[in-house]
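S.K.: Spelled out from the first residue to the last, the chains are:
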Amino acid sequence: MSRKFFSGPFILILPSILAIGFVIIIPLIFSFYTSFTSYKLTRPDSLFNFVGLRNYERLIDNTKFWYAFGRTILFLAVVLNLELLFGLGIALLINKITWGQRTLRTIMMFPMMFSPILVGFQWKYIFNDNIGLLNNFLYLFGYESAIPWLIDKYLAMGSIMVAEIWANTSIFAILLLAGLLGIPRDPIEAARVDGCNSWQVFKNITLPFLMPFIFIALTIRSLDVGRAYDIVHIMTGGGPAMRTELIWTMIARIGYKDANMGFANAMSYVSIILSIAFTYYFFTKLVAARRDLGQQ
Amino acid sequence: MKFLKNFLVVFSLLTLPFSAFAVDENFPNDKVAIWGDFSGITLDVKLIGGAPYDPLYEVMIPIWEAKTGGKVSILSKKSHFELDKEIKQDIAAGNISYCVVSNHTSFATQYGDIYRDLNGIVPKDFLAEFVPLVLDHSTVDGRLVQLPQHSDVSNLWYIKSIYEDEDNKKRFKAEYGYDLAPPETLEQWKEQAIFWSDPPNFYGTQYVGKEEAITGRFYELVIAEGGALFDEGMRPVFNDEAGQRALQWFVDLYNAQAVPAGVLNYLWDETGLGFASGTVALNLDWGGWGAYFNSADSKIGGDVGLVRFPMGSGGKRGGWSGSHTYSILNGCPEENLEAAASLIWILTNHEAQMHEARGGKLPTMTRVWKDIASEMDAEGNAFMSDLFSTFSASMAEDAFTPPLIPEWIPFSNIIFPELQAAIVGDKSVKEALDAAAKETDYLMQDAGYY
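Chains as they are written, first to last, in the numbering used here: chain C, 798 to 1093; chain G, 5 to 454.
In isolation and in its complexed conformation, chain C is listed as follows (with noise of 0.2 angstroms):
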């Protein structure tokens, strides 16, 4: 037994346990412990104040908390569709192209080049009230009133999804255009051939091939989106009265700002459950996909 542990596979791969074990297994454990904890950050030796499940008890209670869980399922919900819709879209029509696609490409990449943290800050002042770009749009055409749209209660949700959608749906349109190449050109020449249209080709061919990549870039966007902070915390800090307050917003203000470190390590892992529903929604899909295209 000891031999075999001991093997030369096993010796080759122990780097890669323990550089897993530090930076991923003992973070883990920690972070789990201290949400059985009282921990503050700026009172260390509050590390070791074991309150039991205290944390979790309140958080069944915490209406913000579960406000701002829910708002983060809409905005997953909203954003992800959009930025598959938008990103399919643009693939299908860089796909048509023959002259340029390259530089298209490359265009189509900017905004995933931008640190969410610049992104946040240009749309903050495009949808500002007073000096913003959109309302100063609007009164050259005679509109005369300041849209608030980073204060009202539907507009400013819906602002912060604009700037995500602007800055991510290129992640989408790469991986879908990454399918579509790889297509073989057979099975749509040949219902070419037997008389379907186009809607017809793309709904019963390009689609089916394009589901498995469909649900990659969907588990790698959910897991993405559902961590939505940056352009949230710079565009409207979570606010105003929360109304764009997501979970990791809230995490961060109460574990960092409040200190409350153990406290907000229990949201973090009731918060991991919308992470790990999603990705196995969209794994369970993808394999689905595979299982109709008749692989493995």
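No lab work stands behind these hints: they were computed from the structure. Just so it is clear, the structure is predicted and the values come from calculations on it, not from any experiment. Just so it is clear, CB atoms sit at the ideal spot from N, CA and C, and this is done for glycine as well. Treat each hint with caution, since some may be false.
Said to hold, decoys possible - Selected chain G positions facing chain C (in silico; Cβ < 8 angstroms):
(1) LYS89
(2) GLN114
(3) LYS214
(4) ALA217
(5) ASN417
Dock chain G against the given chain C, drawing on the hints supplied.
M.R.: Same frame as chain C, now just chain G:
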């Protein structure tokens, strides 16, 4: 066109008002000097950064390095809110071995005992130069944990010409029944703000609308209305009638569109730059903007008036106050302490404070208050003379700190979303304050106050 004008104003303003300055490197007006040979010593520091703060570092730190042979390594320079988060993470990680850090009287109580007592490190005769009350506010648990650079308290700035216009006077008298003059009470302030408003082109007033900024503003209005945040046992009482009147003032202005629609996203830069752009009639702000407001770089240069914070129904004025300070950490090696004290000295000494005061920042040294007033009088600068006499009166008669307790920022994070909820109409004033009081009650219980 309006956009272009506002846009250019905002971006030009970000750099213009706070430029480098020249100093006499012999510091002839400083009675106490803390020099030394600090060759081979590098001080690690973390500082509050930004346009209002950087010029002082850019001038003073090179002088200090040239004269002492020491080096300053700036590990971090960011807004105080960001610095606050970083310090908390540093404490958690045990990474508090740097020497000098920017601090604030409202924030210092949160950080436990990470700072050295400056008594014994900074010479007594230098400490004696500071306003005693400001040093009191810099003291936590009997230890002087910070040395104040400048103080802040707010008064009401206004555009003079609109108050001098005869037509405005007639219209106002006809509508409100009393003569138009800069407001003396909160009620007059509200009425006049509504009178001036012509959204989206011009607004009567504005307020900082989020985070600790709006908490502080609410706090001073509660005091002006005769109330308090906490009773003697530190139980929340801000949801009483005085608190409700204070919050209603914000709500009424917002509902009347007398403040910009996006005001709940505004912090200090937005309100300062907004007033300088000439689109706001009345602006509650600190003195640090004063010289700039009245300069040729501002659209209202030469047309700026100043009055004391208007009185509330409780017969008091607002006066939420604090000081920007510097601290030395416990982790600073013993052999670097003298150098650290020297660095703090050069950033807070007479010369540094005089420079800051010329821009309108409020000194923390008794002698600088007199010297800056004399200098402005000698120059015939009536605007700055008026600024210092007004702010001097506020500091002496109105100023009060927030409760100097570690729970101030967590309390602020509880109450400010509720204040916003009332302002935007998601909750009634009573509902919002009751909700905040309930949560604050838990906070104070957990902290062991009762």
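S.K.: Could you run down the list of hints and mark each one as holding or not?
M.R.: Each hint, compared with the structure:
no.: 1; hint: LYS89; in the structure: 4 angstroms, holds
no.: 2; hint: GLN114; in the structure: 6 angstroms, holds
no.: 3; hint: LYS214; in the structure: 6 angstroms, holds
no.: 4; hint: ALA217; in the structure: 11 angstroms, violated
no.: 5; hint: ASN417; in the structure: 6 angstroms, holds
In summary, the one numbered hint that this structure violates is 4.
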